[in-house]
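Peer 1: Add 6 to a position in the sequence shown, counting from 1, and you land on the number used in our numbering.
In case anyone wonders, no lab produced these hints; they're calculated from the structure. Among the hints, a few may not be true.
Result set (EDC-like, lysine to aspartate or glutamate): computed pairs, CA atoms no more than 16 Å apart in a straight line [what the hints assert, rightly or not]:
(1) K647 to E660
(2) K352 to D426
(3) K653 to D137
Label-pair restraints from in silico Cβ distances [unchecked claim]:
(4) L260 to Q348: 57 to 67 Å
(5) L397 to R433: 28 to 38 Å
(6) F371 to S662: 24 to 34 Å
(7) Q348 to A567: 31 to 41 Å
(8) A548 to Y282: 39 to 49 Å
(9) L80 to V375: 48 to 58 Å
(10) I158 to S556: 35 to 45 Å
Glycine residues also receive a C-beta, built at the ideal position from the N, C-alpha and C atoms.
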Amino acid sequence: MTGLRCRTSDTFQVAKEDEDKRSDNGKVNDEAAEEDCEQKEDASNKRESTGRPSEHPSALNAIQRVLRLLFGCLAAAVCGTLYAAYLSAFHERKFWFSTRQVGKASRCEPAIFVLFVCARVTAFYELTTDDGTLAGQTINAVERLSLYPELITSYIYRVSGSQDFVEPIYFYVGTVLALQAVYATALFVCSWLMSGTWAAGALAVAWYVVSRADATKVEQAVPLRENWALPYYACQVAALTGFLSNNIGLAAELLCYLTMSATTLTFLLVWEHSHYVLFVQAFCLFLLDSLDLVPPRKMSDIHKVYFSSLLLAAFFHFHTAALLGSPLLSLLIGSGLVRYLQQTMKKGPLVARVLKLFLYFHLVFSTGVTFHYFIKKVVPVSEGQFVWKFLEVKFGLNTTNDFVSNFLACQESLRSPGQDLFLRLTRTSVLPFYLLVLAVCVASALQAVCTRLSGQPTQSGERRPEDGHVGERPEVVYHVFHTLIFGGLTLLFDGMKYFWTPYVCAFAAFGVCSPDLWMTVFRWLRVKSVHPVVLSLILSIAVPTIIGFSLWREYCPRILADLSELQELYDPDAAELIVWIRTRLPAAAVFAGSPQLLGAVKAGTGAAVTGLPLHSDVDMLRRSEDTYQVYSMRSAEEVYKILTSRKANYVIVEESLCNQLTSERGCRVKDLLDVANGHVVHDNGETLAFSRHRRFCHEIKTNRSPYANYFTRVFWNRSYHVYRVNAVISFQY
7 MTGLRCRTSD TFQVAKEDED KRSDNGKVND EAAEEDCEQK EDASNKREST GRPSEHPSAL
67 NAIQRVLRLL FGCLAAAVCG TLYAAYLSAF HERKFWFSTR QVGKASRCEP AIFVLFVCAR
127 VTAFYELTTD DGTLAGQTIN AVERLSLYPE LITSYIYRVS GSQDFVEPIY FYVGTVLALQ
187 AVYATALFVC SWLMSGTWAA GALAVAWYVV SRADATKVEQ AVPLRENWAL PYYACQVAAL
247 TGFLSNNIGL AAELLCYLTM SATTLTFLLV WEHSHYVLFV QAFCLFLLDS LDLVPPRKMS
307 DIHKVYFSSL LLAAFFHFHT AALLGSPLLS LLIGSGLVRY LQQTMKKGPL VARVLKLFLY
367 FHLVFSTGVT FHYFIKKVVP VSEGQFVWKF LEVKFGLNTT NDFVSNFLAC QESLRSPGQD
427 LFLRLTRTSV LPFYLLVLAV CVASALQAVC TRLSGQPTQS GERRPEDGHV GERPEVVYHV
487 FHTLIFGGLT LLFDGMKYFW TPYVCAFAAF GVCSPDLWMT VFRWLRVKSV HPVVLSLILS
547 IAVPTIIGFS LWREYCPRIL ADLSELQELY DPDAAELIVW IRTRLPAAAV FAGSPQLLGA
607 VKAGTGAAVT GLPLHSDVDM LRRSEDTYQV YSMRSAEEVY KILTSRKANY VIVEESLCNQ
667 LTSERGCRVK DLLDVANGHV VHDNGETLAF SRHRRFCHEI KTNRSPYANY FTRVFWNRSY
727 HVYRVNAVIS FQY
């Protein structure tokens with residue numbers, strides 16, 4: 007082939023020289039071309055005569071890639087396993103989990119979910135028609151409490167025969183902690199895929215572990231839905247990162263696509279708020295597609311994953327209106343329809359493309375809002391007005407006396423974070439490096455976007471070390487949008503830090519370990535004293551090594567100290583209460599009290615309760631408002647009527663709520679109730695009280711009329727007082 011190309015070139019040159027009458031320049035070019043062709047022919051003949059030695063480097067490269075892959079997978083598995091082992095040991099030290107035989111489930115917050123593994127997981131039909139959890143109401147516990155994790159865990163527990171050698175509670179907690187190993191492994195893989203080196207994955211896991219107070223709530227409350235859902239979301243993000251990459255083979259792309267499909271569906275099943283998180287992700291991908299940074303074929307495949315997962319999740323969630331009316335579905339419908347109608351959006355000169363882009367955003371937004379409005383009319387979504395009312399209170403757009411809205415605005419996870427969050431992330435060094443990496447990636451991405459909008463093609467094939475255009479990589483730009491949006495939400499809601507911090511760790515680790523990012527900086531600085539490729543390789547190894555050594559020196563002693571320190575978080579008063587209820591009261595008793603305590607009572611005794619600690623359920627929040635009235639300034643008769651309307655036989659009064667000290671922003675339960683009931687009014691900086699009655703939780707302890715007519719104290723200790731709601735009122739004077 008080389009000889010053929012050279013002979014063709016010779017013929018062309020001869021014809022050209024005859025036509026130009028053999029000019030001197032033509033002679034020189036002809037001689038140079040002949041010499042070049044002769045050299046190519048000699049090199050080709052030499053390779054053929056020596057047995058094609060050029061094939062050996064490709065074979066060696068393949069072996070090296072396989073070894074790197076195996077070693078990286080092994081390192082990811084080891085990091086995840088070590089993290090899970092650390093969590094298990096820390097959980098045992100913190101809760102004395104294996105030595106406390108009373109109230110194990112009650113210490114898991116919210117404890118109600120543990121019950122469905124320990125004692126309540128029976129037939130699926132019985133859970134869908136559960137009349138033993140909420141007094142006077144039959145509920146679909148699978149839908150109302152999102153019990154698919156417990157159902158799957160209990161099925162595995164029975165099928166595997168684990169009941170012969172491990173208790174249900176240990177199996178349940180062990181499963182949650184094992185998922186945290188999957189979480190850490192997924193962060194490892196995500197950073198590894200972006201940087202191309204497993205060292206970035208190890209650094210991401212190290213940063214995640216030392217920042218775990220702001221990255222996960224598994225140490226505080228094991229059975230939370232987030233602890234089940236976020237590991238699947240991390241796997242989905244890792245698969246999406248690989249799927250968006252340009253340097254990926256067909257087999258690897260198919261594997262990423264299947265993983266993304268399975269984890270997206272699982273994420274939607276195990277957590278009722280997952281569609282909001284996927285909406286943020288879909289919006290990032292929408293921006294990526296609008297700026298022409300991802301192939302349309304891949305966007306179509308991702309939309310198919312979203313559509314199929316939403317429909318299947320809605321089916322398994324008993325046709326819930328929340329998924330059908332979710333903003334994710336509206337965005338998919340709007341973007342898909344407008345993309346089909348406006349196929350020439352990504353063509354034309356710069357000004358025309360920018361105008362088309364603004365028109366595209368407007369059409370997608372208008373179509374999505376219209377579709378969402380239509381869906382709400384066809385399938386009413388009860389939580390829409392409730393969410394908007396809370397947001398108005400949160401951002402100070404409106405004031406209200408509504409207890410539920412003010413109660414949610416006072417929740418720690420829904421308030422703005424304090425400066426201590428950023429101070430902690432700065433001490434671990436992850437925030438400064440994240441900001442530096444983010445600045446470089448944003449600048450490079452803007453450069454790539456300008457290039458695309460001006461009509462110039464960007465590099466989409468296999469990248470070389472000297473290219474250094476990190477902003478042209480779609481998976482990197484996706485993570486830029488991902489961390490920026492979640493970072494903005496974290497500034498508004500403290501609970502969003504559990505979504506933002508893990509990917510800050512992964513993104514910062516990718517940046518400091520990526521030669522591509524260092525090369526991008528050196529191309530801007532026009533470094534000439536040292537070869538940029540060599541310098542970028544040196545820094546991508548030296549900087550993470552220094553960071554890793556400093557983290558090991560600073561935080562390794564603290565981690566070991568956590569494992570050696572035996573903490574005491576056992577609540578003997580709560581344990582005494584649960585034992586008394588279990589042994590002294592009938593199984594048909596119904597209890598009223600604070601939602602957190604009722605969750606522990608339900609898990610520890612199996613008794614029916616008037617409410618549960620579910621802040622995402624409007625009806626459950628209204629039930630909680632009724633049972634909280636024992637801390638208000640209402641009469642004994644009013645509280646008695648409220649409790650009997652909720653079918654309560656016993657009411658539990660907590661000293662911690664009754665005697666709660668003044669809190670900032672008036673967020674005590676007592677203060678919120680007084681405002682909601684109109685007993686306290688704030689006018690021009692003055693607080694005016696209008697109630698004729700003293701606080702109920704104080705007056706009932708006096709055991710005087712009229713409180714003794716309606717309620718009889720049957721149990722008390724330092725923290726709790728239990729009163730029977732009298733079925734027959736006995737008047738005492």
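Peer 1: If a hint holds in the structure, say so; if it doesn't, say that too.
Peer 2: Here is what the structure says about each hint:
A C-alpha spacing of about 20 Å is found between K647 and E660, which places the hinted pair above 16 Å, so the restraint is violated. Only pairs whose Cα atoms come within 16 Å are accepted, and K352 paired with D426 is rejected, the gap being roughly 45 Å. Between the alpha carbons of K653 and D137 the distance comes to roughly 13 Å, so the proposed pair stays at or under 16 Å and holds. As the Cβ distance of L260 to Q348 is approximately 30 Å, the hint placing it in 57 to 67 Å is violated.
Checked against the hint of 28 to 38 Å, the C-beta distance between L397 and R433 comes to roughly 33 Å, which is consistent with it. Between F371 and S662 the C-beta distance comes to about 47 Å, which lies outside the given range of 24 to 34 Å. For the pair Q348 and A567, the beta carbons lie near 60 Å from each other, so the given range of 31 to 41 Å is not met. For A548 paired with Y282, a C-beta distance near 41 Å keeps the hint of 39 to 49 Å intact.
In this structure the hint that L80 and V375 lie 48 to 58 Å apart at CB holds, the actual value being about 49 Å. Range check, I158 to S556: Cβ separation about 41 Å, and the 35 to 45 Å hint holds.
Hints 1, 2, 4, 6, 7, counting from the list given before, are not met by this structure.
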